Amino acid sequence: MNPNSDGTDIRRLIGRALVPYSERPDAAGVARLVDELITAGEALHAEVAAVTADRRTERAGSALAEWSYFVDAGPAGRGDHANWNHARTLARILRNLASALGEQPSRAR
Numbered sequence: 010m011n012p013n014s015d016g017t018d019i020r021r022l023i024g025r026a027l028v029p030y031s032e033r034p035d036a037a038g039v040a041r042l043v044d045e046l047i048t049a050g051e052a053l054h055a056e057v058a059a060v061t062a063d064r065r066t067e068r069a070g071s072a073l074a075e076w077s078y079f080v081d082a083g084p085a086g087r088g089d090h091a092n093w094n095h096a097r098t099l100a101r102i103l104r105n106l107a108s109a110l111g112e113q114p115s116r117a118r
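In case it helps, the numbering used here puts the sequence shown at residues 10 to 118.
In short, the hints are calculated from the structure, not lab data. Predicted, not measured: the structure shown is a model, and the values here were computed from it. Hints are not guaranteed to be accurate.
Pairwise CB distance ranges (calculated) [said to hold, decoys possible]:
| hint | residue 1 | residue 2 | range |
| --- | --- | --- | --- |
| 1 | Asp89 | Thr61 | 18 to 28 Å |
| 2 | Arg41 | Thr17 | 16 to 26 Å |
| 3 | Asp35 | Glu75 | 23 to 33 Å |
| 4 | Pro29 | Arg87 | 28 to 38 Å |
| 5 | Arg101 | Ala36 | 15 to 25 Å |
All C-beta atoms in this analysis are idealised placements derived from N, C-alpha and C, irrespective of residue type, glycine included.
Make the full structure from the sequences, and use the hints.
Set out below in structure tokens:
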């Protein structure tokens, strides 16, 4: 995924994961969604991590730590439901990373 400079692609990706349970994709779709979330998240994680720690917001620092933990930990359990919950957790953290990055320009760099 090549996110647009205005974040449209990331918002759409997050939106795909944060639909009601009844609208979740099949198992293969969830697996693809997790892969897309991780790909987009790793790029965004690198951007947020590039902001020096003394200029990084607390929210950004928390999102960085959460992202690393949940990507490394993987789904909490087995099966479709665990994978779907994992995708939704990654989407929420990705949303926090995107918001944290958006907050950075207003702060002195």
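- Check each numbered hint against the structure and report the violated ones by number, ascending. 1, 4
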